[in-house]
Amino acid sequence: MLRRASMLLARRPILAARARPFSTDLPAAPSADATFTEAWTKVIPNMDPPKTPLSFMQPRPPTPSSIPSKLTVNFVLPYASELATKEVDMVIVPATTGQMGVLPGHVATIAELKPGVLSVHEGSEVTKYFVSSGFVFIHANSFADIIAVEAVPLDRLDVNLVQKGLAEFTSKLSSATTDLEKAEAQIGIDVHSALNSALTG
Amino acid sequence: MAMAALRREGRRFAPLIAPRPITAVRSSPIVPTHEDEGPIGVRYISTQVVRNRMKSVKNIQKITKAMKMVAASKLRAVQTKAENSRGLWQPFTALLGDLPSVDVKKNVVVTISSDKGLCGGINSTSVKISKGIYKLNSGPEKETKYVILGEKAKAQLVRDSKKDIELIITELQKNPLSYTQVSVLADEILKNVEYDALRIVFNKFHSVVSFVPTVSTVLSPEIVERESESGGKLGELDSYEVEGGETKGEILQNLAEFQFSCVMFNAVLENACSEQGARMSAMDSSSRNAGDMLDRLTLTYNRTRQASITTELIEIISGASALEG
Chain A
1 MLRRASMLLA
11 RRPILAARAR
21 PFSTDLPAAP
31 SADATFTEAW
41 TKVIPNMDPP
51 KTPLSFMQPR
61 PPTPSSIPSK
71 LTVNFVLPYA
81 SELATKEVDM
91 VIVPATTGQM
101 GVLPGHVATI
111 AELKPGVLSV
121 HEGSEVTKYF
131 VSSGFVFIHA
141 NSFADIIAVE
151 AVPLDRLDVN
161 LVQKGLAEFT
171 SKLSSATTDL
181 EKAEAQIGID
191 VHSALNSALT
201 G
Chain B
1 MAMAALRREG
11 RRFAPLIAPR
21 PITAVRSSPI
31 VPTHEDEGPI
41 GVRYISTQVV
51 RNRMKSVKNI
61 QKITKAMKMV
71 AASKLRAVQT
81 KAENSRGLWQ
91 PFTALLGDLP
101 SVDVKKNVVV
111 TISSDKGLCG
121 GINSTSVKIS
131 KGIYKLNSGP
141 EKETKYVILG
151 EKAKAQLVRD
161 SKKDIELIIT
171 ELQKNPLSYT
181 QVSVLADEIL
191 KNVEYDALRI
201 VFNKFHSVVS
211 FVPTVSTVLS
221 PEIVERESES
231 GGKLGELDSY
241 EVEGGETKGE
251 ILQNLAEFQF
261 SCVMFNAVLE
271 NACSEQGARM
281 SAMDSSSRNA
291 GDMLDRLTLT
301 YNRTRQASIT
311 TELIEIISGA
321 SALEG
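Respectively, the protein sequence lines represent chains A and B. Take 1 as the starting number for the first sequence in UniProt numbering and just add one per residue. Take 1 as the starting number for the second sequence in UniProt numbering and just add one per residue.
Just so you know, these hints were derived from the structure itself, not from any lab. Bear in mind the structure is a predicted one, so any value in this text is a computation, not a measurement. Warning: the hint list may mix true and false statements.
[Stated by the list, open to error] Stretches of chain B that chain A covers, calculated by requiring three or more beta carbons in the stretch to come under 8 Å of a beta carbon on chain A: (1) 95–108; (2) 121–132; (3) 211–224; (4) 248–260.
[Stated by the list, open to error] Here are the simulated lysine to aspartate or glutamate pairs, DMTMM-like style, with alpha carbons at most 25 Å apart: (5) Lys62/B with Asp284/B; (6) Lys145/B with Asp33/A; (7) Lys182/A with Asp187/B; (8) Lys142/B with Asp33/A; (9) Lys182/A with Glu83/B; (10) Lys51/A with Glu143/B; (11) Lys68/B with Asp292/B; (12) Lys135/B with Glu112/A; (13) Lys81/B with Glu150/A; (14) Lys191/B with Asp164/B; (15) Lys191/B with Glu112/A; (16) Lys51/A with Asp292/B; (17) Lys51/A with Glu250/B; (18) Lys174/B with Asp196/B; (19) Lys114/A with Glu151/B; (20) Lys142/B with Glu257/B; (21) Lys51/A with Glu151/B; (22) Lys86/A with Glu241/B; (23) Lys182/A with Glu257/B; (24) Lys42/A with Glu143/B; (25) Lys42/A with Asp164/B; (26) Lys114/A with Glu257/B; (27) Lys114/A with Glu243/B.
[To be verified] Sample of chain B residues at the chain A side, in silico, Cβ under 10 Å: (28) Leu88; (29) Gln90; (30) Pro91; (31) Phe92; (32) Glu171; (33) Lys174; (34) Ser178; (35) Thr180; (36) Val201; (37) Val208; (38) Leu237; (39) Tyr240; (40) Glu241.
We put the CB at the ideal spot given by N, CA and C, even for glycine.
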C-alpha cells in the first residue's frame with residue numbers, strides 16, 4: 001500500500017509536466033477562448049467546453065524588429081508535412097501572378113498558387129517540387145506557410161504521360177459542350193502545360 | 001417422464017432405489033428446477049442452464065476480443081494518416097486565428113460521428129456538444145443548422161432537431177478516407193448550405209484512451225472582412241497583401257473553401273482514429289466483464305454440481321439406511 005502511494009506521488013509530477021503541451025493558451029489570443037468558455041459555462045453548466053484548435057497549436061513568434069536572416073518554411077500537404085519549420089534562404093512559389101520569390105523580411109502576403117514548380121533554396125542546394133495548387137501565407141515574422149493539395153518532386157514525373165495528358169485534354173476542350181466540361185478541360189490543359197514546362201524548363 | 005428428465009441431467013442412479021419417493025420432489029415443469037432437501041428456501045439452478053450460459057458468455061468473450069484486435073489494426077492504419085494531416089489546419093489558424101465566440105446570424109454545426117456502434121461514448125459526446133453549441137448560438141435573428149456526418153449522430157439528432165438538419169451524409173468510411181473524397185463532400189456542403197460560420201464538432205485523438213471533443217470554426221469571407229475591419233483578433237489581416245485574382249474578396253472566398261476542406265479532412269481522420277480507439281477500449285472492458293461473468297458462473301456451476309451430488313448421496317444413504325433398519 002505504501003509502495004502504491006509512493007508510485008502515485010511519483011507519477012503526479014510527470015502527468016502535470018505532460019499535461020502542459022495540451023494546455024497551451026497562446027498569450028496573444030486567450031481572450032477568444034476565454035469568452036467562449038465563459039459563454040459555454042453560462043449556458044451549459046454541466047459539460048466541459050470543447051477544446052478549440054488554438055489550444056493545440058504552437059504559438060508563432062512575434063514580428064522581430066530587424067529582418068531575420070532565414071525564412072522559416074512550413075510546407076504541408078494533406079498526407080504529410082513535407083517541410084516543418086525548416087529554415088531556408090529563399091523559396092520561389094508559383095503564384096497565380098507568376099513566380100514569386102520569398103526572402104526573409106517579405107511583406108505579409110496571401111497568395112493563391114497555380115500549378116507550377118516550387119523551389120526551396122537552402123544554401124547551395126535547391127529542392128524542386130511540382131505543386132498542383134494551394135495557398136501560400138507569408139507572415140510578417142518571416143514565416144511562410146505553403147499549403148498545397150498535391151506536390152511531387154520533379155524526378156517522379158513521366159514526360160510521355162504528360163504529353164499524352166496534354167493531347168487528351170486539348171481534344172476534350174475542343175469537344176466540350178457544357179461550361180463545366182469546358183472548365184474541366186481547361187484546368188486539365190493548364191496543369192499539363194505547367195507540368196510540361198516544369199520538365200523542360 | 002421424470003426418469004427421462006433425470007437421465008437427461010446425467011445423474012447417477014442406484015438401481016435399488018425406486019424413483020417414486022423422489023419423483024414427488026422432482027416432477028416439476030420443463031426447465032428442471034429442483035428443490036434441495038436441505039434448509040427451507042434454498043434453491044439451486046440446474047447445471048444445464050448454467051452450462052448454456054457459460055457457453056454463450058465464452059463465445060461473446062471471443063467475439064469482443066476479436067473485435068478489439070480488428071479495431072487495433074484499423075487504428076494503426078488511420079493513425080499515421082491523421083498525424084500527417086495535423087499540419088494541415090495549423091497555417092490557417094496561424095493566419096486567421098480562431099474565433100469560436102464570434103457572433104453571427106447563420107451558424108452551421110457540422111457534427112462528425114461514426115456509422116457503426118459499439119464504440120463507447122464518443123458519438124454521444126459529439127451530439128451533446130453540438131446541441132450545446134446550438135443552445136449557445138440561439139437568439140433573436142440567429143439560426144443554427146446541422147450538417148450530420150455518420151449514422152450515429154443522425155439517429156440521435158433526428159429525434160428532436162429534425163427541422164434544423166440540412167444535410168445528412170453517411171457511409172463515409174466505405175472507401176479509405178482521402179482528401180479528394182472529403183473535398184467533394186466539403187464542396188457539397190458549401191454549395192447547399194448558407195453559412196456565416198461553420199463549426200465542426202469532432203473528437204480529437206490524443207491517445208488510445210483519450211479523445212477530446214473539439215470544435216473548429218471556419219468563417220465565411222464576409223465575416224472575415226467584418227472582423228478584420230473591426231480590429232481585434234483579425235485586425236492584422238488587413239496588413240496582408242493579397243496577390244492575384246481580381247478582388248480580395250475572390251481570394252478570400254477560395255481561402256475559406258480551402259480552409260473548410262482542410263479542416264474537414266483533419267477532423268474526419270481524427271474522428272476515425274477516436275472511433276477505433278474507443279471501440280478498442282469498449283471491447284476490452286467488455287471482454288474483461290465477460291471473463292468476470294464466466295468466473296462467477298463457473299463457481300455457481302461447481303456449487304450446483306456438488307450440491308446435486310451431495311443430495312444424491314444423502315438420498316442413497318438415507319434410502320439404504322431406511323431399508324436396513
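Going down the list of hints, with the structure as the test:
For the region 95–108 of chain B, the proposed coverage by chain A is satisfied: 6 residues have a C-beta within less than 8 Å of a C-beta in that chain, meeting the threshold of three. Figure legend: the region 121–132 of chain B, annotated as covered by chain A; annotation consistent (3 residues with Cβ-Cβ distances under 8 Å, at least 3 required). Interface restraint, the region 211–224 of chain B with chain A: holds (6 residues with C-beta to C-beta distance below 8 Å; minimum three). With 4 residues having a beta carbon nearer than 8 Å to a beta carbon of chain A, the region 248–260 of chain B meets the requirement of three or more and the stated coverage holds.
Taking the CA atoms of Lys62/B and Asp284/B, the gap is about 11 Å. The hint holds against a cut of 25 Å. In summary, the hint linking Lys145/B to Asp33/A is supported, as the alpha carbons are separated by about 23 Å, within the 25 Å threshold. Of the pairs offered as hints, the one joining Lys182/A and Asp187/B holds, with about 19 Å between alpha carbons and a cut-off of 25 Å not exceeded. Taking the CA atoms of Lys142/B and Asp33/A, the gap is near 21 Å; set against the 25 Å cutoff, the hint holds.
Only pairs whose Cα atoms come within 25 Å are accepted, and Lys182/A paired with Glu83/B is rejected, the gap being roughly 38 Å. Using a Cα cut-off of 25 Å, the hinted pair Lys51/A and Glu143/B holds, with the two alpha carbons roughly 23 Å apart. Using a Cα cut-off of 25 Å, the hinted pair Lys68/B and Asp292/B holds, with the two alpha carbons roughly 18 Å apart. Distance hint between Lys135/B and Glu112/A is unfulfilled; the C-alpha atoms sit about 37 Å from each other, more than 25 Å.
Proposed proximity of Lys81/B and Glu150/A is supported: the alpha carbons are some 15 Å apart, at most 25 Å. Between Lys191/B and Asp164/B the alpha-carbon distance is near 17 Å, which keeps this suggested pair within the 25 Å criterion. Between Lys191/B and Glu112/A the CA atoms are separated by roughly 21 Å; this keeps the pair inside 25 Å, and the hint holds. Our distance criterion of 25 Å between C-alpha atoms is broken by Lys51/A and Asp292/B, whose separation comes to about 37 Å.
For the proposed pair Lys51/A and Glu250/B, the alpha carbon gap of about 31 Å is over 25 Å, so the pair is violated. For the suggested pair Lys174/B and Asp196/B, the alpha carbons sit about 31 Å apart, so the restraint of at most 25 Å is broken. For the proposed pair Lys114/A and Glu151/B, the alpha carbon gap of about 38 Å is over 25 Å, so the pair is violated. With a C-alpha separation of about 23 Å, the suggested pair Lys142/B and Glu257/B falls inside the 25 Å cut-off, and the hint holds.
Restraint check: the Cα-Cα separation between Lys51/A and Glu151/B comes to about 24 Å, which is no more than 25 Å; the hinted pair holds. Restraint check for Lys86/A and Glu241/B: the C-alpha separation of about 23 Å stays at or below 25 Å, so the hint holds. For the hint linking Lys182/A to Glu257/B, the alpha-carbon distance of about 22 Å falls within 25 Å, and the restraint holds. Proposed proximity of Lys42/A and Glu143/B is supported: the alpha carbons are some 20 Å apart, at most 25 Å.
Between Lys42/A and Asp164/B, the direct Cα distance comes to roughly 23 Å. Compliance with the 25 Å bound is thereby established for this hinted pair. Using a Cα cut-off of 25 Å, the hinted pair Lys114/A and Glu257/B holds, with the two alpha carbons roughly 16 Å apart. In summary, the hint linking Lys114/A to Glu243/B is supported, as the alpha carbons are separated by about 12 Å, within the 25 Å threshold. Checking Leu88/B against chain A by beta carbon gives a least distance of about 5 Å; that is within 10 Å, so the hint holds.
For Gln90/B, the suggested interface contact is upheld, since its CB lies about 6 Å from the closest CB of chain A, less than 10 Å. A distance limit of 10 Å between C-beta atoms decides the matter here; for Pro91/B the minimum to chain A is near 3 Å, and the interface restraint holds. Annotation: interface hint on Phe92/B holds; nearest CB of chain A at approximately 8 Å, less than 10 Å. A hinted interface residue such as Glu171/B counts as satisfied when its beta carbon comes closer than 10 Å to some beta carbon of chain A; here the least separation is about 21 Å, so the hint is violated.
Below 10 Å, beta-carbon pairs count as interface contacts, and Lys174/B has none with chain A, the closest being about 19 Å; its hint is therefore violated. Checking Ser178/B against chain A by beta carbon gives a least distance of about 8 Å; that is within 10 Å, so the hint holds. Restraint check, Thr180/B versus chain A: the minimum CB separation of about 9 Å is within 10 Å; hint holds. Against a cut-off of 10 Å between C-beta atoms, the interface hint on Val201/B holds, since the closest Cβ of chain A lies about 7 Å away.
Because the smallest distance between the Cβ of Val208/B and any Cβ of chain A comes to about 15 Å, over 10 Å, the interface hint for this residue is violated. At its closest, the beta carbon of Leu237/B sits 8 Å from a beta carbon of chain A; the interface hint therefore holds under the 10 Å criterion. Nearest Cβ of chain A to the Cβ of Tyr240/B: about 4 Å, under the 10 Å cut. The hint holds. Because the closest C-beta pair between Glu241/B and chain A is about 5 Å apart, less than 10 Å, the hint holds.
Comparing the model with each earlier hint shows violations of hints 9, 12, 16, 17, 18, 19, 32, 33, 37; every other hint is respected.
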